[in-house]
Amino acid sequence: MTHKERLLAVFRGERPDVMPWYADLTYWYNAEMIKGTLPEKYRGDGVVQLYKDLNTGAHEHLLNCPWRAQYEDVQVKVEEERDADGKPVRTRTTWVTPAGTISQVQEFEPNSYCWAYREYPVKTPNDLKVLRFIFQHTHLTPDYTEQHRIIDLFGDWGVAASMPNRTPMANLFVIWMGVTNAVYALADAPEEIEETIEVMSAAEDQMYEIICNAPAPLVYFPDNITGEVVSPRIFQKYYAPYYRKRAEQLHRAGKYIFVHIDGTFKNLLPYVGPTGVDCAQSLTPAPVGDVPLEDFRQLAGPDLILWGGVPAAYFSPLYSEQTLRDIVLKAIRLYKADPRFMLCVCDQVPPDGIIERVRLVSNLVEEYGRIE
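If you read the sequence shown in numbering that gives the first Met the number 0, its first letter stands for residue 0, the second for the next number, and so on.
Among these hints, one or two may not hold up.
List time: in silico PhoX-like cross-link candidates among lysine-lysine, alpha-carbon distance up to 20 Å [unchecked claim]:
1) K76 / K34
2) K86 / K34
3) K236 / K265
4) K51 / K40
5) K76 / K128
6) K76 / K86
Since the hints were made in silico from the structure, they are not lab data.
Based on the provided sequences and hints, a complete structural model is requested.
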(Lines of atoms letter the chains of each structure in order from A and count residues from 1; the text may use other names and numbers.)
(Lines give C-alpha, C1' and ligand atoms only; values in the text may rest on other atoms or scores of the structure.)
Protein backbone atom coordinates (compact mmCIF):
# COMPACT_ATOMS: atom_id res chain seq x y z
CA MET A 1 0.00 0.00 0.00
CA THR A 2 1.08 3.61 -0.51
CA HIS A 3 1.41 6.13 2.30
CA LYS A 4 -1.89 7.69 1.26
CA GLU A 5 -3.66 4.32 1.15
CA ARG A 6 -2.36 3.38 4.60
CA LEU A 7 -3.67 6.53 6.24
CA LEU A 8 -7.07 6.45 4.55
CA ALA A 9 -7.44 2.77 5.46
CA VAL A 10 -7.20 3.68 9.15
CA PHE A 11 -9.83 6.42 8.80
CA ARG A 12 -12.12 3.94 7.02
CA GLY A 13 -11.71 1.41 9.82
CA GLU A 14 -9.56 -0.95 7.74
CA ARG A 15 -6.12 -2.41 8.42
CA PRO A 16 -3.12 -1.10 6.44
CA ASP A 17 -0.19 -3.33 5.54
CA VAL A 18 2.19 -1.15 7.59
CA MET A 19 1.61 1.29 10.44
CA PRO A 20 1.09 4.73 8.80
CA TRP A 21 3.99 7.15 9.31
CA TYR A 22 3.76 10.86 8.46
CA ALA A 23 6.18 13.72 9.08
CA ASP A 24 5.43 17.45 9.08
CA LEU A 25 8.49 18.97 7.41
CA THR A 26 7.09 22.47 6.83
CA TYR A 27 8.90 24.20 9.73
CA TRP A 28 12.28 22.66 8.82
CA TYR A 29 11.63 23.32 5.13
CA ASN A 30 10.75 27.01 5.62
CA ALA A 31 13.78 27.56 7.85
CA GLU A 32 16.03 26.01 5.20
CA MET A 33 14.49 28.36 2.63
CA ILE A 34 15.14 31.38 4.86
CA LYS A 35 18.73 30.27 5.48
CA GLY A 36 19.22 29.64 1.76
CA THR A 37 20.41 26.07 2.41
CA LEU A 38 17.52 24.07 0.93
CA PRO A 39 18.78 21.96 -1.99
CA GLU A 40 17.49 23.21 -5.33
CA LYS A 41 15.82 19.89 -6.14
CA TYR A 42 13.44 20.35 -3.19
CA ARG A 43 12.33 23.89 -4.02
CA GLY A 44 8.87 24.64 -5.37
CA ASP A 45 7.07 21.55 -6.58
CA GLY A 46 10.26 19.61 -5.83
CA VAL A 47 9.05 19.41 -2.23
CA VAL A 48 7.41 16.11 -3.14
CA GLN A 49 10.84 14.65 -3.85
CA LEU A 50 11.84 15.43 -0.27
CA TYR A 51 9.10 13.17 1.06
CA LYS A 52 9.97 10.50 -1.49
CA ASP A 53 13.65 10.57 -0.52
CA LEU A 54 12.73 10.24 3.16
CA ASN A 55 9.97 7.67 2.46
CA THR A 56 7.39 9.37 4.64
CA GLY A 57 3.85 10.57 4.07
CA ALA A 58 3.03 14.28 3.80
CA HIS A 59 0.09 16.07 5.39
CA GLU A 60 0.99 19.61 6.48
CA HIS A 61 2.28 20.55 3.03
CA LEU A 62 -1.17 19.62 1.70
CA LEU A 63 -3.26 21.81 4.02
CA ASN A 64 -5.45 24.21 2.09
CA CYS A 65 -8.19 26.81 2.62
CA PRO A 66 -10.33 26.30 -0.51
CA TRP A 67 -11.90 29.75 -0.75
CA ARG A 68 -11.33 33.41 -1.54
CA ALA A 69 -12.30 35.97 1.10
CA GLN A 70 -13.77 39.42 0.47
CA TYR A 71 -14.51 42.06 3.09
CA GLU A 72 -17.52 44.34 3.11
CA ASP A 73 -16.98 47.74 4.81
CA VAL A 74 -13.69 46.50 6.27
CA GLN A 75 -10.41 48.12 5.27
CA VAL A 76 -7.23 46.14 5.97
CA LYS A 77 -3.93 48.03 6.10
CA VAL A 78 -0.54 46.30 6.35
CA GLU A 79 2.65 48.22 7.17
CA GLU A 80 6.02 46.47 6.96
CA GLU A 81 9.48 47.19 8.34
CA ARG A 82 12.33 45.50 6.48
CA ASP A 83 15.94 44.73 7.32
CA ALA A 84 19.00 45.71 5.27
CA ASP A 85 18.41 42.74 2.96
CA GLY A 86 14.84 43.80 2.28
CA LYS A 87 13.26 41.02 4.31
CA PRO A 88 10.22 41.92 6.44
CA VAL A 89 10.99 41.85 10.17
CA ARG A 90 7.98 43.65 11.67
CA THR A 91 4.41 44.09 10.44
CA ARG A 92 1.46 46.07 11.70
CA THR A 93 -1.97 44.99 10.43
CA THR A 94 -4.94 47.29 11.02
CA TRP A 95 -8.64 46.57 10.47
CA VAL A 96 -10.74 49.71 10.02
CA THR A 97 -14.52 49.23 10.32
CA PRO A 98 -17.60 51.35 11.11
CA ALA A 99 -17.62 49.59 14.50
CA GLY A 100 -14.10 50.72 15.32
CA THR A 101 -10.46 49.92 14.58
CA ILE A 102 -8.17 47.15 15.86
CA SER A 103 -4.54 46.40 15.04
CA GLN A 104 -1.85 43.81 15.67
CA VAL A 105 1.96 43.86 15.61
CA GLN A 106 4.10 40.85 14.72
CA GLU A 107 7.89 40.51 14.65
CA PHE A 108 10.09 37.91 13.02
CA GLU A 109 12.17 35.87 15.48
CA PRO A 110 15.43 34.97 13.69
CA ASN A 111 16.47 32.37 16.28
CA SER A 112 13.29 30.33 15.83
CA TYR A 113 12.49 31.22 12.19
CA CYS A 114 8.91 32.23 12.94
CA TRP A 115 6.70 35.25 13.63
CA ALA A 116 5.62 36.27 17.15
CA TYR A 117 2.84 38.56 18.33
CA ARG A 118 3.90 41.76 20.04
CA GLU A 119 0.32 43.06 20.13
CA TYR A 120 -2.89 41.11 19.61
CA PRO A 121 -5.75 42.76 17.70
CA VAL A 122 -8.36 42.44 20.47
CA LYS A 123 -6.91 44.01 23.60
CA THR A 124 -10.07 44.64 25.64
CA PRO A 125 -13.63 43.26 25.65
CA ASN A 126 -14.72 46.50 23.97
CA ASP A 127 -12.69 45.51 20.89
CA LEU A 128 -14.80 42.38 20.43
CA LYS A 129 -17.54 44.37 18.73
CA VAL A 130 -15.04 45.18 15.96
CA LEU A 131 -14.13 41.51 15.62
CA ARG A 132 -17.81 40.59 15.38
CA PHE A 133 -18.26 43.14 12.62
CA ILE A 134 -15.31 41.68 10.68
CA PHE A 135 -16.74 38.15 10.85
CA GLN A 136 -20.23 39.31 9.91
CA HIS A 137 -18.88 41.17 6.88
CA THR A 138 -16.50 38.55 5.46
CA HIS A 139 -17.78 36.72 2.39
CA LEU A 140 -16.23 33.54 1.01
CA THR A 141 -16.23 32.17 -2.53
CA PRO A 142 -15.24 28.56 -3.25
CA ASP A 143 -11.91 28.08 -5.03
CA TYR A 144 -10.72 24.49 -5.32
CA THR A 145 -7.96 25.18 -7.85
CA GLU A 146 -5.02 24.93 -5.45
CA GLN A 147 -6.45 21.94 -3.63
CA HIS A 148 -6.80 20.00 -6.88
CA ARG A 149 -3.24 21.01 -7.80
CA ILE A 150 -1.62 19.78 -4.59
CA ILE A 151 -3.63 16.55 -4.65
CA ASP A 152 -2.32 15.88 -8.16
CA LEU A 153 1.21 17.01 -7.24
CA PHE A 154 1.63 14.74 -4.21
CA GLY A 155 -0.31 11.79 -5.57
CA ASP A 156 0.15 8.79 -3.26
CA TRP A 157 2.76 10.58 -1.12
CA GLY A 158 0.32 12.68 0.86
CA VAL A 159 -3.27 13.28 1.91
CA ALA A 160 -4.88 16.68 1.46
CA ALA A 161 -6.98 18.33 4.15
CA SER A 162 -9.18 21.40 4.12
CA MET A 163 -8.29 23.76 6.95
CA PRO A 164 -11.09 25.89 8.43
CA ASN A 165 -10.51 28.57 11.03
CA ARG A 166 -9.62 27.44 14.49
CA THR A 167 -12.62 26.68 16.65
CA PRO A 168 -13.97 30.09 17.80
CA MET A 169 -12.55 29.86 21.34
CA ALA A 170 -9.20 28.60 20.03
CA ASN A 171 -9.24 31.41 17.48
CA LEU A 172 -9.58 33.94 20.30
CA PHE A 173 -6.80 32.31 22.33
CA VAL A 174 -4.31 31.96 19.47
CA ILE A 175 -5.03 34.61 16.83
CA TRP A 176 -7.23 37.46 17.96
CA MET A 177 -6.74 37.99 21.71
CA GLY A 178 -3.90 35.89 23.06
CA VAL A 179 -4.27 33.81 26.21
CA THR A 180 -3.96 36.65 28.73
CA ASN A 181 -6.50 38.97 27.11
CA ALA A 182 -8.92 36.09 26.50
CA VAL A 183 -8.73 34.78 30.07
CA TYR A 184 -9.36 38.23 31.53
CA ALA A 185 -12.31 38.68 29.16
CA LEU A 186 -13.75 35.29 30.17
CA ALA A 187 -13.69 36.48 33.78
CA ASP A 188 -14.72 40.12 33.29
CA ALA A 189 -17.06 40.02 30.28
CA PRO A 190 -18.20 36.44 29.60
CA GLU A 191 -21.30 37.67 27.79
CA GLU A 192 -19.09 39.49 25.26
CA ILE A 193 -17.07 36.32 24.67
CA GLU A 194 -20.19 34.19 24.24
CA GLU A 195 -21.79 36.65 21.81
CA THR A 196 -18.57 36.76 19.81
CA ILE A 197 -18.36 32.96 19.65
CA GLU A 198 -21.96 32.80 18.40
CA VAL A 199 -21.20 35.34 15.68
CA MET A 200 -18.01 33.56 14.63
CA SER A 201 -19.79 30.20 14.49
CA ALA A 202 -22.63 31.54 12.35
CA ALA A 203 -20.20 33.33 10.03
CA GLU A 204 -18.28 30.09 9.50
CA ASP A 205 -21.30 28.19 8.15
CA GLN A 206 -20.33 29.33 4.65
CA MET A 207 -16.79 28.05 5.22
CA TYR A 208 -17.97 24.58 6.14
CA GLU A 209 -20.36 24.41 3.20
CA ILE A 210 -17.37 25.04 0.94
CA ILE A 211 -15.30 22.40 2.75
CA CYS A 212 -18.09 19.82 2.45
CA ASN A 213 -17.85 20.15 -1.33
CA ALA A 214 -14.04 20.23 -1.51
CA PRO A 215 -12.04 17.35 -3.04
CA ALA A 216 -9.87 16.82 0.06
CA PRO A 217 -11.02 13.79 2.09
CA LEU A 218 -9.76 15.16 5.42
CA VAL A 219 -10.59 18.24 7.49
CA TYR A 220 -7.97 19.62 9.88
CA PHE A 221 -9.02 21.47 13.03
CA PRO A 222 -5.83 23.52 13.75
CA ASP A 223 -6.64 24.24 17.38
CA ASN A 224 -3.25 23.57 19.05
CA ILE A 225 -5.01 22.43 22.20
CA THR A 226 -2.97 22.24 25.38
CA GLY A 227 -4.09 21.57 28.92
CA GLU A 228 -1.90 24.45 30.08
CA VAL A 229 -4.52 26.79 28.58
CA VAL A 230 -7.65 24.71 27.99
CA SER A 231 -9.11 23.10 31.10
CA PRO A 232 -11.68 20.30 30.86
CA ARG A 233 -14.37 22.83 31.82
CA ILE A 234 -13.37 25.23 29.04
CA PHE A 235 -13.14 22.36 26.55
CA GLN A 236 -16.59 21.04 27.46
CA LYS A 237 -18.17 24.49 27.32
CA TYR A 238 -16.50 26.11 24.31
CA TYR A 239 -14.88 23.39 22.19
CA ALA A 240 -16.99 20.23 22.44
CA PRO A 241 -20.33 21.70 21.25
CA TYR A 242 -18.63 23.20 18.20
CA TYR A 243 -16.86 19.92 17.42
CA ARG A 244 -20.16 18.03 17.62
CA LYS A 245 -21.90 20.49 15.32
CA ARG A 246 -19.18 20.41 12.67
CA ALA A 247 -18.51 16.66 12.97
CA GLU A 248 -22.14 15.88 12.16
CA GLN A 249 -22.06 18.24 9.18
CA LEU A 250 -18.74 16.98 7.83
CA HIS A 251 -19.55 13.30 8.30
CA ARG A 252 -22.72 13.75 6.26
CA ALA A 253 -20.43 14.98 3.47
CA GLY A 254 -18.14 11.95 3.83
CA LYS A 255 -15.21 13.82 5.41
CA TYR A 256 -12.86 12.66 8.16
CA ILE A 257 -11.73 15.06 10.90
CA PHE A 258 -8.48 15.28 12.83
CA VAL A 259 -7.84 17.75 15.65
CA HIS A 260 -4.36 19.16 16.23
CA ILE A 261 -3.47 18.76 19.92
CA ASP A 262 0.31 19.28 20.22
CA GLY A 263 0.29 20.17 23.89
CA THR A 264 -0.34 18.59 27.26
CA PHE A 265 -3.48 16.49 27.07
CA LYS A 266 -3.74 14.18 30.09
CA ASN A 267 -6.91 15.86 31.34
CA LEU A 268 -8.39 16.56 27.89
CA LEU A 269 -8.02 13.44 25.74
CA PRO A 270 -10.94 11.57 27.39
CA TYR A 271 -13.29 14.34 26.20
CA VAL A 272 -12.20 14.44 22.54
CA GLY A 273 -13.64 11.16 21.29
CA PRO A 274 -17.22 11.77 22.51
CA THR A 275 -17.42 14.93 20.36
CA GLY A 276 -17.56 12.82 17.19
CA VAL A 277 -14.26 13.90 15.63
CA ASP A 278 -12.35 10.98 14.13
CA CYS A 279 -8.77 11.57 15.23
CA ALA A 280 -6.60 13.35 17.80
CA GLN A 281 -3.37 14.30 16.06
CA SER A 282 0.10 15.29 17.26
CA LEU A 283 -0.05 13.45 20.57
CA THR A 284 3.38 14.01 22.11
CA PRO A 285 4.40 11.37 24.67
CA ALA A 286 6.26 11.91 27.93
CA PRO A 287 8.84 13.05 28.81
CA VAL A 288 8.25 15.79 26.22
CA GLY A 289 4.49 15.65 26.76
CA ASP A 290 2.59 14.77 29.93
CA VAL A 291 1.26 11.29 29.06
CA PRO A 292 3.34 8.10 28.84
CA LEU A 293 3.04 6.44 25.45
CA GLU A 294 1.55 3.30 26.98
CA ASP A 295 -1.37 5.29 28.47
CA PHE A 296 -2.63 6.87 25.23
CA ARG A 297 -5.32 4.32 24.42
CA GLN A 298 -6.63 3.98 27.96
CA LEU A 299 -7.13 7.76 28.16
CA ALA A 300 -8.69 8.12 24.71
CA GLY A 301 -11.13 5.23 24.79
CA PRO A 302 -11.47 2.54 22.12
CA ASP A 303 -12.79 4.45 19.11
CA LEU A 304 -10.71 7.62 18.67
CA ILE A 305 -7.89 7.40 16.12
CA LEU A 306 -4.59 8.36 17.76
CA TRP A 307 -1.95 9.99 15.57
CA GLY A 308 1.40 10.82 17.17
CA GLY A 309 4.06 9.17 19.28
CA VAL A 310 7.31 10.69 17.95
CA PRO A 311 8.46 13.91 19.71
CA ALA A 312 9.83 16.51 17.30
CA ALA A 313 12.55 17.38 19.81
CA TYR A 314 14.16 13.99 19.18
CA PHE A 315 15.12 15.06 15.65
CA SER A 316 17.34 17.77 17.15
CA PRO A 317 21.06 17.10 17.68
CA LEU A 318 20.42 17.80 21.36
CA TYR A 319 19.08 14.25 21.59
CA SER A 320 20.83 11.06 20.60
CA GLU A 321 19.73 9.00 17.65
CA GLN A 322 19.20 6.11 20.06
CA THR A 323 16.62 8.14 21.98
CA LEU A 324 14.62 8.52 18.78
CA ARG A 325 14.99 4.84 17.89
CA ASP A 326 13.81 3.79 21.34
CA ILE A 327 10.58 5.82 21.27
CA VAL A 328 9.72 4.71 17.72
CA LEU A 329 10.25 1.04 18.50
CA LYS A 330 8.26 1.42 21.71
CA ALA A 331 5.34 2.97 19.81
CA ILE A 332 5.42 0.16 17.25
CA ARG A 333 5.55 -2.49 19.96
CA LEU A 334 2.65 -0.96 21.88
CA TYR A 335 0.36 -0.09 18.99
CA LYS A 336 1.10 -2.22 15.95
CA ALA A 337 -1.93 -4.34 16.80
CA ASP A 338 -4.11 -1.25 17.36
CA PRO A 339 -6.12 -0.54 14.17
CA ARG A 340 -6.61 3.09 15.21
CA PHE A 341 -3.05 4.24 15.79
CA MET A 342 -0.74 6.09 13.38
CA LEU A 343 2.76 7.51 13.84
CA CYS A 344 3.68 11.13 13.20
CA VAL A 345 6.18 13.76 14.27
CA CYS A 346 4.72 15.80 17.14
CA ASP A 347 4.42 18.21 15.74
CA GLN A 348 7.11 19.48 13.31
CA VAL A 349 10.72 18.59 12.58
CA PRO A 350 12.48 21.69 14.01
CA PRO A 351 14.80 24.04 12.11
CA ASP A 352 17.85 22.39 13.67
CA GLY A 353 16.46 18.92 13.00
CA ILE A 354 18.71 16.26 11.47
CA ILE A 355 16.58 15.50 8.44
CA GLU A 356 18.18 12.09 7.87
CA ARG A 357 16.54 10.95 11.10
CA VAL A 358 13.20 11.04 9.29
CA ARG A 359 14.51 8.33 6.98
CA LEU A 360 15.71 6.42 10.03
CA VAL A 361 12.15 6.35 11.37
CA SER A 362 10.84 5.33 7.95
CA ASN A 363 13.22 2.37 7.88
CA LEU A 364 12.21 1.28 11.37
CA VAL A 365 8.53 1.47 10.47
CA GLU A 366 8.98 -0.53 7.28
CA GLU A 367 10.99 -3.20 9.10
CA TYR A 368 9.08 -3.51 12.36
CA GLY A 369 5.70 -1.88 11.68
CA ARG A 370 4.30 -4.42 9.22
CA ILE A 371 0.87 -5.70 10.17
CA GLU A 372 0.81 -9.48 10.28
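Exercise. With a cut-off of 20 Å on the C-alpha distance, tell me whether K236 and K265 pass.
Key: Holds: K236 and K265 sit about 18 Å apart, inside 20 Å.
Quiz item: CA of K76 to CA of K86, is that 20 Å or under?
Solution: Distance ~19 Å between K76 and K86 Cα, so the pair holds.
Exercise. Mind checking the alpha carbons of K51 and K40 for me, to see if they're no more than 20 Å apart?
Key: holds (12 Å)
Quiz item: Holds or violated: are the alpha carbons of K76 and K128 at most 20 Å from each other?
Solution: Roughly 19 Å separates the two Cα atoms, so the pair holds.
Exercise. Decide if the proposed pair is consistent with the structure: K86 and K34, CA atoms, cutoff 20 Å inclusive.
Key: holds (12 Å)
Quiz item: Can the restraint linking K76 and K34 be considered satisfied, given a maximum Cα separation of 20 Å?
Solution: Violated, at roughly 29 Å.
In terms of the numbered hints stated before, the structure departs from hint 1 and from no other.
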